[in-house]
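Here the protein sequences come in this chain order: R and D. All the letters of the first sequence, read from the start, carry residue numbers 160 to 651 under the working numbering. All the letters of the second sequence, read from the start, carry residue numbers 116 to 470 under the working numbering.
Among the hints, a few may not be true.
Stated by the list, open to error - Taking lysine-lysine and the BS3-like style, the derived pairs with C-alpha atoms no more than 27 Å apart in a straight line are:
hint	chain 1	residue 1	chain 2	residue 2
1	R	Lys445	R	Lys234
2	R	Lys517	R	Lys565
3	R	Lys517	R	Lys553
4	R	Lys517	R	Lys460
5	R	Lys576	D	Lys147
6	D	Lys288	R	Lys553
7	D	Lys147	R	Lys565
8	R	Lys311	R	Lys430
9	R	Lys460	R	Lys445
10	D	Lys372	R	Lys642
11	R	Lys207	R	Lys293
12	R	Lys311	R	Lys608
Treat the hints as calculated values from the structure; they're not laboratory data. Computed from a predicted structure; not experimentally measured.
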Amino acid sequence: MPEPCTIVIFGATGDLTHRKLVPALYNLAADGALPPAMSVVGFARRDKSDEGFRNELEEAARKFSRQTINDGLWKSFAASISYHRSEFHDLAGYESLAARLAEMDAARGTRGNRLYYLASAPDQFEVILENLRKSGLNKAGDGGWARVIVEKPFGTDLPSARHLNDLVEGAFPEADTYRIDHYLGKETAQNIMVLRFANALFEAMWNARYIDHVQITASEPLGVEGRAGYYDKSGALRDMVQNHLLQLLCLTAMEPPTGLDADAIRDEKVKVLRSLRPLEGAEVSKHVIRGQYGAGAINGKRVAAYRDEANVDPESMTETFVALQVNVDNWRWAGVPFFVRVGKRLPKGGTEIAVHFKSVPPVLFKATGEAVDDNVLVIRIQPDEGVSLRMSAKMPGSSLRIEPVKMDFHYGTSFGKATPEAYERLLLDAMSGDATLFARRDEVEEAWKFVDSIRAAWKANPGDLAFYASGSWGPAEAEELTKRHGTTWRRL
Amino acid sequence: MEAAVNEPGLPVEIGQIDWELGRLWESSDDTKSRASLLNLVIYSELPEAMDSNTELIATIASQHAFRAILILADPQAATSGARAWISAHCHLADKGGHQICSEQITFRLDGESASSLPNIVFSHLDSDLPLCFWSQAEFREPLDEQLWTWVDRLIFDSATWRKPVEQFALAQKILSITDGGTVLCDLNWTRLHRWRLALANVFDHSAALACLQEITRVRIECALGERVKALLLLGWFSVQLGWRLQHLLSENFFLAKSGKQIEIEISEAEGAGITFVELSGEEFRFKLERPDAAGFFHASLHAPGIPDCTMTIGAGPDRPGDILLAELSRGGRHPLFAGALDAIRPLLPDMVARQ
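With the rest of the complex left out, here is chain D (with noise of 0.2 Å):
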């Protein structure tokens, strides 16, 4: 997997880093100002990910000022070999020309170097300050303890995992070994902001609320292998409404607060993300589409009481940068979103398995 890599920066050599970096910013001129708020470290094991990388970090380095240390490893590399770069994203700050900056540092680990990822993070942390730890990787035992209990934030997608039961089980170990202390942030679940506060809106209207009791069967249409996405969409609507999972052998479905039993059918299609969210009851039928991943959500809604009605909601910009500032500017703990993942753990080795 040995790919071509461009120079994402200064050479340096490993050691040196905090002393390079010192004289980049002495050399610089008057007119830039290093600033940082957190320590950013993007872990990936694709070393061609490194532009689009160090692009997402440029793209963010305009609405946070961070040190991001961006780590591309190769643990099957044949050789051995830890190479490193820094350099830095500036933006202007005022009209007079100022310039914010924030530091990138590149490392290339390759082979049995690729071992090194805790040193690596502990020794280029910017001391203090929060440590966001982004996981383009999938996770795998054994689980580094002290790396772990570093980490303020998490940063994971589950859309991108082969194996999504045991990945958010080893997730689940991590914050066991951090007490609770990291915060999980996944980006499928960010990614579907734009749903939730859309299916929010549309039920605004006191009389399309009154529908929300009245659920009997949720049907989510997704994208080839976005099951998951599907999965948490629904645990959120489990939490929201209080809905309790019956998960037995024959049959999984949702028990409302009022006993009333909510079928589930998750389907795939052609298309990107979820495509379709389709809630319905004995009297009223509320439909969400996103068709050909556009740039807004097409709403329908047919209640008693009220006019049948449509609407066009904004879907927001959904590409990586995006999700990933959204994850950044949110900030916090997510408990919505431990307990969508709660909510739907038991179906995920049935339903992911499906995929």
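Same shape as in the complex, but just chain R (with noise of 0.2 Å):
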């Protein structure tokens, strides 16, 4: 269990807070994860009472918590949340804020132990830390702890990542920074892990000898709903794949760490980041298709182009799918390449890794006719996070005819408890200090890297963004990127 401390949420009022930070927070305090005198402290712009805020959240919580509301936990759980309300400029709110908190320690025993959570709009994150630099609050009391949780998206590019770097590091060391992603805390994903280290039959197999082509996909049948603001001026590739996507291909394509803390697992992952084979000028229409979805048809319902959703520049070249192909030029993946997808407005919801093994010798069953399919490893990250295993079979009878058969495993019944939620797991390592699922500030600044070069050369040749009709897989154009290896993409 985690040593007792106060949650400060910035940007408490937002939806962040509403759907995930609250009801992760109640859950584990319903699993019992909690220490008792831990507190949350909402901080934000609106005028609003604790009573008042509090009744917000319960409304919040019994809408999106995993768990039911039970009404005599949530009284206890809502005693320890409080709000305090101060523009994010303010100096003085931060002081206030100090001042709030050393009470709070005094009366709850919280030790001066303090978690910031920069739940705000990006763009207000510079103040925040700068102001909370100022007032002091960075310092962790005597024996205690101040630790700062970063929300995506970090930066917007490889320069403003730097300079928010350069922010947080002049006001929290390293050690006690946690970017979030939240998609490292989901079980799959740190199942990937374990599937890989803790499988004599996987890790034998994890190279370019046995791996034909990994696939990474995200796909939502979503459009961008109430984002379109924030989303018109980031992209696909900004938003999903410098982050969410390249995550999960670090953790598929890392060398085994040397130890299971936090730095050697990152370690790992930055020198996949800096094995990526930088896609730049003419390699990057070749290997990189961006599209944008037109009107169509989503489960029988007639939905509007990206470029006629409110909020949206109707000339927009933003790209809400990307397709990539990506080389990871190290001794372990040599000519395997790894096809990514991310897209929204596409048939099915589901994000998942797809590690498609090498066909075997086409004789034996060749003379049969019998198309042999190869054997592809899925570890699905959501929604119904498992692994399943494709292998072919022969079906039973006196003909002899192969057919592709799953081996299926569910996290959600197999082990016969819930799986707690990404940011349950998240929240409760940054209390515990430990940020083997955070990124590190050199991972950061890889990926944009590499996705930086993408965007210099969208920027340079605007004219090659490709159109796919709203409840397809895309454009066709992406078609080609797997057909050039012989491949498709997979059927989710």
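Using the supplied hints, reconstruct the complex from the two chains, each of which is provided in its own coordinate frame.
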């Protein structure tokens, strides 16, 4: 169990707090994973009372919590929540917060331990960090600690990420900085290392000798919904590839770490990022496909084109779909392409890593005319977290007929208990001082370096945006990407 | 064409189907297991075909484990709408009372919603498993390339087509979209399986076998509107015996390897399917008949060197479920069908136009 602490959430009236953070904290409390003295302070601009804030959070928790809210438990959990109104730029607000936290420390015995969560709009990060530093809130009390969790997006390109890193570094040492990528908090993402390094069956084959290619997909049927303002400036490459998908790629491709401590693992991930073959200039149009959804149909209903969505520039060139071939130029992965795709308004929602093994030699069954499908190991990150393995089997009967079959493992049913939400694990880790599942400065910057060169090529050649119908699997050009390697995108 | 629709299962929100299916299996007792080895999509533009298709799915579920996606579309409906239902087909797997179940998702797509067919298919497949797509409606342009690229086995029934020449051309176009990756499965061809077996059986006799090289005339009688089936049988002869079609303006005939000319005659009469096949040469005559869609063939052979003989050969079951079962069970590619179709393709415009 972590030490008692106070969690201060900046941007406490926002969506993230209501949908994810408070339900996650409630679930942790319900599971008995939080110290009773822990307290939560919401910091935001709007005027509201502690009571009003708690009522809003209760309503949200009832809606978004994976566990049903128990009235008694909520009452006790809510008693630890308070609200602090202040403008983000107002230093006095931080000073009064410091006084309030000191009182709470005394009253609740939280020992001066502080976890600051930057859940506000990214453009407020700078002023918040600056005021935390100026007010001395970034300094831990005697024997205590002060940590900061920074939500994505961590910058918009390499220079801005470096600038933000410098700001964070000016207020908190790297060891106390937790850059959150909620994908890493998912059980299956954590299971990638166990699957790879705890199973001789897989580790022995986890290399270019046996693996033909890897596909990483993150698809969703939703459009931009209420995020158009942010998304139209960001696009799929920066919103998803730079962080979530490159992190999954790192976990899939990294070498065995020397230990399970945070830096041993992050050292290996950063090596993968440094091994990525840079995509620049003409290579980008060959290996990266970007698309934008047009009108189409999802689940039998017509949906609008991206450019017709509210708050989207009618001539927007923002990509809602990216497919790219990534090469990891190291000994283990030489010649093995990693196909990565992400998109909105696709037919199915899901994030997965599919490891496609090489074909068996084309003898023996070739004479029978039977096509033998390659083995595919699929790690499902969401929804329905789990792992499946496709293999070939003879169909019962007198004739030799080979069909693909699946061995399936579902987290939801195999362990007889509910899988915790990613934010539960990540909040608990941050409170416990375990940064394993958080990105380090060099990881973030290496990822931006890779992505920035793609963006630079797009900027130089803006005409290569392909359009796809909503409800389809993206532009036809994406099919060509895998076709060149003699394969196709996996059917989710 | 608005038809009354009986509820074919539990009505569900389309966006919630996976979740509802998960709930369905979680709530079922321990004696039931979900099984799936393939995705079977049946697409029909006859809403009234819901019951017959559901019955057919239930029949084949006893021998194949699959996820069935039945899509009933009415593109001409005045109002647009999409509805879905889920259900399961279970059968006893052993004496212990354990049941193996296949799930069925039924969609009704009206008006503009019918155009969302590709999305409906993509969204509801059981991942990684082969996709068999049975189009009970005729193919229409423009063809959705992404959809057809995903289809492993494209099932159709050329016996039901109003314009077979165009439809075969579109099927061929789909094949070229998929770089030949899709297997074309014509149930009309599958129905010929028993005819082909019976014909081959008769020629097992070595003396009869020699007659195959002496054939100079083929006569096939089929039911009204069944010329495509007769032509496919003719195509089969062509592939198996190495005949080459001579497609002339005035007449059509085959040339045997020996250079011998083989006349062809296809006529229509009352009945069902093919009713009569006669192969003849200067000194022999072979007839195979299936009167009134009987459960057997009646064969007779008159050839030099062997006594005249007659025989009765079982015709096997040929209800729609039996034919689909046969197709799904056989699997593999269909080079013989492809060859037979290629052999008679030039005859289709003339011969089928006469229907």
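Q: Take a quick look at whether Lys207/R and Lys293/R sit within 27 Å of each other, Cα to Cα.
A: Between Lys207/R and Lys293/R the Cα gap is close to 26 Å, so the pair holds against 27 Å.
**Q.** 27 Å Cα cutoff - pair Lys517/R, Lys460/R
**A.** Judged against 27 Å, a Cα distance of about 40 Å means the pair is violated.
Q.
Against the 27 Å threshold, does the CA-CA distance of Lys288/D and Lys553/R hold or violate the hint?
A. violated, 32 Å
Q: Could you grab the alpha-carbon distance between Lys372/D and Lys642/R and see if it respects the 27 Å cut-off?
A: Measuring from Cα to Cα gives roughly 42 Å; hence the hint is violated.
**Q.** Agreement of Lys311/R and Lys430/R with the hint, judged by alpha carbon distance not exceeding 27 Å
**A.** holds, 22 Å
**Q.** Pairwise hint evaluation, Lys608/R against Lys311/R, where the allowed Cα distance is 27 Å at most
**A.** Distance of about 16 Å is within 27 Å: holds.
(Q) Need the status of pair Lys517/R, Lys553/R: alpha-carbon distance at most 27 Å? (A) Roughly 19 Å between the alpha carbons, so the hint for Lys517/R and Lys553/R holds.
Q. Does the structure keep Lys445/R and Lys234/R at a Cα separation of 27 Å or less?
A. violated, 58 Å
(Q) Please verify whether Lys147/D and Lys565/R have alpha carbons no more than 27 Å apart. (A) holds, 18 Å
Q. When you check the alpha-carbon spacing of Lys576/R and Lys147/D, does it fall within 27 Å?
A. holds, 22 Å
**Q.** Restraint status (C-alpha distance of Lys460/R to Lys445/R at most 27 Å)
**A.** violated, 34 Å
Q: Compare the distance between the alpha carbons of Lys517/R and Lys565/R with 27 Å, and conclude whether the hinted pair is satisfied.
A: Roughly 17 Å separates the two Cα atoms, so the pair holds.
Hint violations for this structure: numbers 1, 4, 6, 9 and 10, all remaining hints satisfied.
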